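**Student:** Residues per chain are reported as follows:
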Amino acid sequence: AQTVTQSQPEMSVQEAETVTLSCTYDTSESDYYLFWYKQPPSRQMILVIRQEAYKQQNATENRFSVNFQKAAKSFSLKISDSQLGDAAMYFCAYRRKTSGSRLTFGEGTQLTVNP
Amino acid sequence: KAGVTQTPRYLIKTRGQQVTLSCSPISGHRSVSWYQQTPGQGLQFLFEYFSETQRNKGNFPGRFSGRQFSNSRSEMNVSTLELGDSALYLCASSLATGTPEDSPLHFGNGTRLTVT
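Going down the list, the protein sequences come from chains A and B.
Note that our numbering has the first sequence beginning at 8, numbered continuously upward.
Note that our numbering has the second sequence beginning at 474, numbered continuously upward.
Watch out, some of these pointers could steer you wrong.
[Said to hold, decoys possible] Each pair of labels, with its calculated beta carbon distance range:
(1) A:Lys85 <-> B:Gly489: 42 to 50 angstroms
(2) B:Arg536 <-> A:Glu22: 44 to 52 angstroms
(3) B:Ser543 <-> A:Ala23: 28 to 36 angstroms
(4) A:Arg103 <-> B:Ser559: 23 to 31 angstroms
Worth flagging that the hints you see were computed from the coordinates, not collected in a lab.
Please read these numbers as outputs of a predicted model, since none were measured by experiment.
For every residue, glycine included, the Cβ atom is placed at its ideal position computed from N, Cα and C.
Please work from the sequences and hints to get the whole structure.
**Tutor:** Below is the structure:
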């Protein structure tokens, strides 16, 4: 079974600074997808960034980028120029290529942004 | 375009009762999936429906069931409620074609169920 682990229950960052959230996963599959989702107090899960396992290039979305290390099964999220609106719970998630909409989530990291 | 709509937003039920939660996907989306979120177990996949057929199921007891209608709206039912069923239930919809780039999951705001 696939597992996703986020070892940092809480992180904090100063506004305008950079923070990195960690995620490791375990799978025997070679082709899969990885995601970072954000869940603010409104409870809605919002997709931040996604990565395909067979793409070596790390995904980037504006201030958000990932460091994908396939051999190490590591998938960290870097948030640059942190903003107050980035404060939320962040979830790392895994999806097998053939599993439809079935995501396996990590435990989450609560990010606080200090002004 | 309207997002994923879940009703009701909050629900309080008593042990032993049953409950039905509703999810209206984004127009044109044919896949609806359900997740349970609790502080202890985190986010867990319940099931996925596509074109009125269940095509994926998580590890939940048979008390948890769902269905999808021809207009892609979905309902989730929990019978004989237990205290441990208290959770945030999230619904997500997608086009369900091609790769995740073509069909990312769009989540609703969830239904907060409290069982007393």
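**Student:** Which numbered hints turn out to be false for this structure?
**Tutor:** When the structure is compared with the hints, only number 3 turns out to be violated.
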